[in-house]
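So that you can map any letter, position 23 of the sequence shown is 75 in my numbering, and since no number is skipped, the others follow by simple counting.
Honestly, the hints are just simulated from the structure, not real lab data.
No false leads were mixed into what you were given.
Here are the simulated lysine-lysine pairs, DSS-like style, with alpha carbons at most 25 Å apart: (1) K90 to K106; (2) K137 to K106; (3) K86 to K97; (4) K97 to K137; (5) K90 to K159; (6) K97 to K159; (7) K106 to K86.
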Amino acid sequence: MRWLAVVVCAVVLAGVARAQVPASDLGTDDASRKARAKGEAERGKVAYNLGNWKAAESAYERSYVEWPIPEMLYNLCQARRQLSKWEEAIANCRAYLRDAVPNAENKDIRQIAANHLRNMVDQLARDRATAQQPPTDVIVPAEEESDDEGDQEATSVPSPSIDRQRAPWYSDGWAWGLAGAGVAVAAVGGGFLINAADLEDQAAAATDQQEIADLNDRASSRRFIGGGLLVVGTGVAIAGIVKFIVPNYTGGSESAAVASTHVLLGRDFVGFGGRF
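Generate the whole structure from the sequences, applying the supplied hints.
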């Protein structure tokens, strides 16, 4: 009977010792759990404000485990939404809308949560559709072809690119035409000037005043015409030379260069102008 008495005493002493420990010291009462949940929620809020979404997610999850209230589900949804954890965030958002009792205080939050839920569901659908699409930047190897002499590996030949290249200067037909025409006109003008000089010599050798006047008039007219033709021809020839110098490209969409000249004739002058 001695051992039975020992056991009874031990049980009684254990019960007395347990009764002497306050319930708050055990750490399992509601007040302690709420305090720990509040501390984790505060840590989660700080991490969220700092942009540390992962730390915020962990803190909010620990807070919900200690004291499961709907508001912490909304916080979890927000943190996981920032981490693009769409499935978990959607589950948290739906749980919040299910558990949070609608009232005037959470009316706006519930509306925001509902909007987030729709956006996350759409984003998850887009991500899944993108993941199911075949890649478009994969290089497919060329198939091998065989002939009577043996198998030959097929190689792809890149298509030639169309680049604008500068054409040789001597291939410009417009320039040749302008230069040739200018030289010809200048030569005719030179001929008129030579003829005018000859007429002046004849006038100097003549003795009849009427003949001298007639020869001088003809010489003056020939000199005027010859000078004008010489100026025009020289200008056109210069235009042709400038056309040679102007870059001429083939294979592009540029319009051909256009050169134009004009001559101003007056009683005592000959003027020349041009546009290249």
